[in-house]
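> Spelled out, the chains give:
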Amino acid sequence: MERPRKGSPVRVTGKPANRTGLPTPDSLRSVEESLGETKRCAKLRLVSRILALAVGAVALLVLIGGWFLDFAPLLIVISGTVSTKVNTALCLVAVASAVLLESGRPSPVRSGLVRLCATFVLLVAVLTLIEYISGWTFGIDELLVADRTPVLVTAPGRMALATVISLLLLGCALLVGNRGRRLLCKQLLTVAVAFLCLQNLVSYLYGIEHFTGIGFYPAMSVHTSSSLLAICFAMLFSRPDCGLMSLASNENLAGSTVRRLLPATLLVPVFLGWLTLQAQLNGVHGAVFGLALFATANVAFFSCLIWNGGRQLNLMEVEKHQAQESFRLAVEAAPSGMVMADHDGKIVLVNSRTEQLFGYDRKELLGQSIEVLLPVDVRKESFAQPPARSTGIGLDLYGRRKDDTHFPMEIDLNPIETEHGTWVLSSILDITERKRAEATLRESEERFRNMADTAPVLIWVAGPDKLCTFFNKVWLEFTGRSIEQELGEGWTQGVHPDDFDRCIATYSASFDARRRFRMEYRLRRADGEYRWILDDGTPRFTSGGIFAGYMGSCVDITEKRCAEEERQKFVSLADRSLEFIGMCDLDFKPFYVNSAGMRLVGLENLEGACRIKVQDWFFPEDQPFITNEFFPRALREGHGEVEIRFRHFKTGEAIWMLYNVFNVCDSSGATVGWATVSVNLTERKRAEIAIEESRQELRALAGRLLLAQEEERKRIARELHDDLSQKIALLAFDTSNLVLASPPLPAEMTHSLCNLQARIAALGADVRQISHRLHPSILEDLGLVAALRELCEEFSARTTIHMVFEQTEIPENLPVGVAACLYRLAQEALHNVQKHARASQVGLAVSGSPDKIRLCIQDDGIGFNARSSSRSLGIISMKERVRLVEGEFSIRSQPGQGTTITVSVSLPGRQK
Amino acid sequence: MKRPRVLLADDQPMLAKLRKLLEADFEVVGMVSDGRSLVEAAFQWKPDIIVTDISMPKLNGITAARKIRHLLPRMKFIFLTMHSDHGYRMEALSVGASAYILKFSAREELSQAIHDAIAAPA
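Residue numbers (my numbering), protein chains in the order written: chain A, 1 to 912; chain B, 1 to 122.
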């Protein structure tokens, strides 16, 4: 069953709603069947046109074929009856034409033609009627063609009186028009003509060939009466929804009843009469019995017809009751309040939801004005604009409860046309929650827009169709374009051509997959420069999980990208470096260590490395120094360098490093972290240790060599002194005995012995000199001071250089090694002075304290570059000698400024 | 007339030749071959004069003389040595030596030097 569409005007027939607040079954059925009426009317109109065309065609056949072409069968259908006259055929054509014209869209031309046809028909009919009444002949009967038919009831060519009356009535009907009650008048005239024609046809059916015996009722041909009857139906069907026909065409109970009864009423009695007549003519029964039989048959037929009608009415009543109950349940079950008001604004229907919404009892509302519920006069507005709509759209509409409080509501108004006027069915929805949600949504949207416009990033929003619907202020300022230019796909015009395909592909694919995307592309800035931006798009879903599009934010990463490229260069460089390179933040938490650094300390991944604080990278014993001394100093000075041990995280071994750390600054010069480029010193340290050990060994060896040399020289000197010198002395003694022998030897021999004695003495002196050079026994015999004094005197005597010797507070019992060292040093220094210095004066001072002795030799010679000559063998020898007694040696000399050698030796174990 | 009493100290073979040379004029009260023995012998024999070498084991002649002079201030010394160095000579004189004679000229000079020392006032 088709239901009335929302907003379609509905005409309701039957009684208005009863006092229960529900519609009557008739009105209900009318509503339900309202749509079927239009189709039925359309069919009837179509039938009307077909009938008019058929009538017109028959009339033209008669006129052309019968009269102009003399084809007799077209003029007389039943032999012995009258023919259709020329004027009749013309009038039928005119009437059929008028009906066809009326069936089209109303227009002044059509109306004029209709009136012209009607006037023609009327003129012919009136003139013919005057001829009948007055006996005059105007010559119109055979104006076109002479009447050659054999049956002549009246004058030749003159139409029958019944035809004249019928055409007169039809002409009047056509002239009356279709407005209001005129239409009813027209239909009544038409019905009269129809009955006239029906009578004529039934007469033919019952076998009457001539109507001459029936007073003024003249004969009407079969096809004239058929055509007139058809044109009557055509005229009635042309307005099926108005006047008399509205009842027959309606889909309600009345229409159904009319449509069911009327054909049977028209046909069955005629048929029964024909049967009775035939039986009577055939002698089956007499006239009286036949009449009685006819009456009885009609009674039986109409009884059955009425009973069947009653049964149908009963069924329809049940259906209507069920429909009423369904409607009532539907209205009651409606989630919104349903209120129906009549044309006076009185409430005729409410449901329970309405009671809940407004706090009224149903009985309190029925019959009350709709104003009770609606403070705003929406009812009048609704009547002013009948098409259904949501009245609340565009204005804040509030309902008034019984306790005089108000609530926001939305009303759907459905005007319903009834025969009592326009009623309005209102559907009322409490939109308090929706209003609140809308307010919250508006506030949320406003907040979003404010936030989006104040956010330091470019923000965009797209709908589910991939078209962008919003760009924040920052975006528009960035691109320098208007929101209208950017909306939809406009924003893609700013994407760099090289990035366009990739950008759009990522955007589209992510949209299709409803997944988040992050992509980098170049976007044209307002100044025309393309800037790299990072676009982060996230799909949006409604609370119901429906995809609502995307929202994204973009940041300008051009600088960051450049920095990243620079960083990559740095990382590439650093990763190829064999040195330890690392960076940490201000909390000394590493964030980068190069591959070489990782390998060096036995770490495998950067993530793990970054979890180890910088302090913990050092060897445990060095951590206090790093934490408490080195880092504070580096923080103060901005850099620092130290040789320190790292630790190997797997083996725990120490790794010697030249740890060079410096601060990393940002563009403003502020320290943002620390970096180190450190060199692995382990191998160098090992080499240094090896060298040092070797040096120590060399020194020890050199010391032993010196001692051995000293010992050997001492031994040789002692041998020379104790053995050879003594023997020479004995030889000299013995020689002296010979020289002094008694009696004296000859003078010549004595002289020879004296010479020999002198040579022996010289030999002894030479040996003693050699012994003295090898080892000055005076050092052991008389001590350092005497030995040095002797050395100075001997030097001064040998070189003629003025020698000044000073000594103060020399401790007693100097260690032999210390005394020998100082003596040998003085000996070497004086030797150098004699050999190189070209000095005129030399000072040798030895001074001491109980725990220390100091020797200083100073000359006024030509001097030399002490730094460049520090590797000379003499100086090295002196240094080594001093180092053997753990003393300090220094030499100060400049070209032209003489030379000063200072030796200081601590005397361990002595108290001050 | 009592002959001067002489104590000889030397660690070399020349000591025997010296004794033979000196015994003609002097009474050689003893001969020692190291400085420490010299000190002990000096206190034991208290000679008139001591003829000593400088370079001797255990204690050199000058040091021994200094020790002896510390307790026997009037003791006379003559150093007979191979050392012709001025330092030795000065050191010997500083401890009050009566003469400083090189061994090469001992035969000619020693006896006279002893006589001169004995004759000289203490």
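Some hints could be false.
Pairs of lysine-lysine, DSSO-like flavour, derived with a Cα cap of 27 Å [what the hints assert, rightly or not]: (1) LYS473/A / LYS346/A; (2) LYS613/A / LYS589/A; (3) LYS46/B / LYS2/B; (4) LYS879/A / LYS835/A; (5) LYS435/A / LYS402/A; (6) LYS650/A / LYS613/A; (7) LYS363/A / LYS435/A; (8) LYS58/B / LYS727/A; (9) LYS727/A / LYS17/B; (10) LYS363/A / LYS402/A; (11) LYS727/A / LYS20/B; (12) LYS58/B / LYS714/A.
In case anyone wonders, no lab produced these hints; they're calculated from the structure.
> Would you pick out the hints that fail for this structure and give their numbers low to high?
Numbers 1 and 7 - these are the hints that the structure violates, sorted from lowest upward.
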